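Using the sequences provided together with the hints, build the complete structure.
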Amino acid sequence: MGHRLQLAAVSHCYVEGKCAIIDIDLAIEQGEQVALIGPSGAGKTTLLHTLALALEPTRGTFSWGGSNPWLMASRARHQLRAHSFLAPQQPPLPPRQRVVHAVLAARLTRAGAWSALRSLLTTPADTDVREAYTALEAFRLQDKLWLRCDRLSGGERQRVGLARMFVAASPVNLLDEPVSSLDPVLGAASLAAVQANAAARNATMVVSLHDVNLARERFSRLIGLKDGLLQFDLPTEAVTEERLRELYGAEFGMAVANFGLPDASTSQQNVIVTGCG
Amino acid sequence: MNALTSNHNRLHDPVWHQRLGWTAALLLLLIPALWIVEFKPWIFFDQQSLKAGGSFIKSFWPPAHDAEFLRLLVTSTWNTIAVATAGVTLGLVIAIPAALLGNRVLSVSAIAHGRMGVLGRAVRGVVRAVLIVLRSIPELVWGLIFVRAVGLGDTAGVLAIALTFGGMMGKVFLEVFESVDRRPTLALLNNGSSRIGAFLYGTLPTCAPELASYLVFRWECAIRSSVILGFVGAGGLGQQMELSMKMLAGGEVVMFLLAFVALVSLADLVSKRLRAWMQ
Amino acid sequence: MDAIDPKANAEATPGVPPAKPAEQGIPRLFLLGLAVFVVTCFVTLKGDWSGLFSVESLRKMIGLFGEFFPPELSPSFLKKVALGFFETLAISVIGTLLAIVLALLLARPAASHGPRRAVARLLLNGLRAVPELVWAALLVIAAGLGPFPGTLALGLHTAGVLGRLFADAFENAPQEPALALTRNGGSATSAFWYGTLPTVLPQLVSYVLYRWENNIRAAAVLGVVGGGGLGQLLYYHLALFHFSDAGTVLISMLILVALVDVLSDRLRRTLNA
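Chains as they are written, first to last, in my numbering: chain A, 1273 to 1549; chain B, 11 to 289; chain C, 300 to 572.
Since the hints were derived computationally from the structure, they do not count as laboratory data.
Keep in mind that this is a model prediction, so the values were computed, not measured.
Accuracy of the hints is not assured; some may be wrong.
Taking beta-carbon pairs under 10 Å as the criterion, some of the chain B residues facing chain C (in silico) [claimed, not checked]:
| # | residue |
| --- | --- |
| 1 | W88 |
| 2 | V140 |
| 3 | V143 |
| 4 | L162 |
| 5 | G163 |
| 6 | V168 |
| 7 | S204 |
| 8 | G261 |
The beta-carbon is built from N, C-alpha and C at its ideal position, and this holds for glycine as well.
Given below as structure tokens:
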């Protein structure tokens, strides 16, 4: 079974007339890497949640590998969820949990309940520790392995959330603003790491980004979303300044100035927040 | 005229008749209540009561201290601890599955729609109802019933504590599970993990210390319950105390009372230490 | 920058993860000790456990619970139950009121300094340490069977509980209102009534209501040792194996407990509003 994702005229409305995404037509092939851009409130998060089976479309059809998950039995649909990895913007890490367990939590879809419990009660198996360690190494967090999550800075938490993706090893990966708490240099490096990981596994990746330049630099396909509507879905070289200006409207100058060219104050602030070497 | 009354009223407490009404109502309710409970403090001072009470108190001294009695004291004290611990352990066997089954956060059907399926709601409703029934019946009543069902002895006490405390702990565990930050659990569930996995890695780390300290606190309460259950024949210190009281053996009663107070203070101390250590 | 590339990492020998720090987690020795303690408790229990989980005894137990139904509903018996119902309610109310008076008397010295404090705290601890049921069993010896020793027993134990809570509330209350009154020449007593008490009153009321909910459950079972109320009826009918009568008493107990919970919740809301 392939993992081609297809949306046909999909809308998600909370109440009639109040919709987060409207009539989206989209197809993403397995192994493709796509960036989702657009101003705040454009519906990027809703779109990602829809792709992750966390939200059911109120209209239209979503098909995964050719079949509609919402017509499946609940159990089959839940098994399908194990094939998609969604990383929310706020990394959902329990404060008292240690980093090693937080990363290994992504393995739960593969591991049985007993091994999960044993790993918590005594200590994770050596192979599991190594897996978590390798994932953390990719984000230069290896020395945080045995720390508790509440000892991490915001940027470190976000990268632990990304390290989970390596362990989950899902064919479909949906990352919501994965580098929002990182300084530009570290953000680009972390993005490169997840992209390389996905590419090595021929896994699909959809990433929402607020940094337009980063998106243009690292992705060959860009999807522009505004007010819940699909504005464009183009290869990166076809996305002109004109289109971006249209997408962001008056915010455009700010978006590029703020996110594209890191000014001294933001990057310094982020370094303090992330505090990583 | 109007101005006069309003001026006059201003000096009056505007809620005085309300207060008077409440006071009167309370007094009116109090009198029949006092009558019902046969509130006659003077009966303690009539000849017969003074004699009965006096001779009982006099028999407190000297406290019983022969070797055989002391052995009984020690074994029945340990028995009380054993009944309490076994009861709480069996109570956990009820509470943990119930708290997991009744947990609304762990609903897979609620992921996408925000509300649970019919089956999920029914199961959770039944579990919660069972927990309410278990803990609304006092452990002493369970004890009375089990003494009839399984005979005098420890078993009745253990079962009584297990059911009542299972109900109480189940309810509190449920509340704790549902009150901590749900996002870690939901994220795991959303990525396809099983309910039990999402619970172990998403919910449990946040609330484990809280649960453990509540459990220790419950164990302390179970020690008290275990003594009381002895009065209906469920073994331990309470049963021996009741026998001594029936025989008006004050010297034994006073020793049992001292042992009980010491045990409760010890449990209190252990519980405080453990909880401080866990925080 | 190259260190962050996962492929580069996979090719290089991945660093060996550091060992788990020793001080983390629950000490194994503690877990082992706990396990030994719990197992010893089970092993030393007297009674036939093998029989308990057999099919036969399970059937017996289910049969027993079945015998509670249908509950006895003859008017003469219902009248008896109604009497027990109100007697239990009255025991809980009067017992709690007695406890409030006694607790207020003891809480002021318990919140003061010096030997008065020590004596009052000792007394409160003594009252609290002995459960209401044991107090009742003791008082029944002097006063004979009936609701009065039960009420008194409830009052004594609850006074210990409330007294300590009250004393802590007085100690933690802001001192300024009372100090302002004593500085202006008020007596310590008037400073207490007009300065301290009003600031902590809502807290005291919520303690009392919480205790009342607790006491209705206690009052329902005090009868087991001869302290009157529904408990006495239940004990009597269970002893004689009148299960359908006992069923009626049990149901009325549940109703009473639920009623008091609702009432106390209402009161709390009115008072907090």
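Hints and how they fare:
1. Restraint check, W88 of chain B versus chain C: the minimum CB separation of about 7 Å is within 10 Å; hint holds.
2. With a least beta-carbon distance of about 14 Å to chain C, the hint placing V140 of chain B at the interface is violated under the 10 Å criterion.
3. The interface hint given for V143 of chain B is met, as the beta carbon of that residue sits about 8 Å from the closest beta carbon of chain C, less than 10 Å.
4. With a least beta-carbon distance of about 9 Å to chain C, the hint placing L162 of chain B at the interface is held under the 10 Å criterion.
5. A hinted interface residue such as G163 of chain B counts as satisfied when its beta carbon comes closer than 10 Å to some beta carbon of chain C; here the least separation is about 4 Å, so the hint holds.
6. Against a cut-off of 10 Å between C-beta atoms, the interface hint on V168 of chain B holds, since the closest Cβ of chain C lies about 7 Å away.
7. Checking S204 of chain B against chain C by beta carbon gives a least distance of about 24 Å; that is not within 10 Å, so the hint is violated.
8. Given the 10 Å rule on beta carbons, the hint for G261 of chain B is violated: about 14 Å separates it from the nearest Cβ of chain C.
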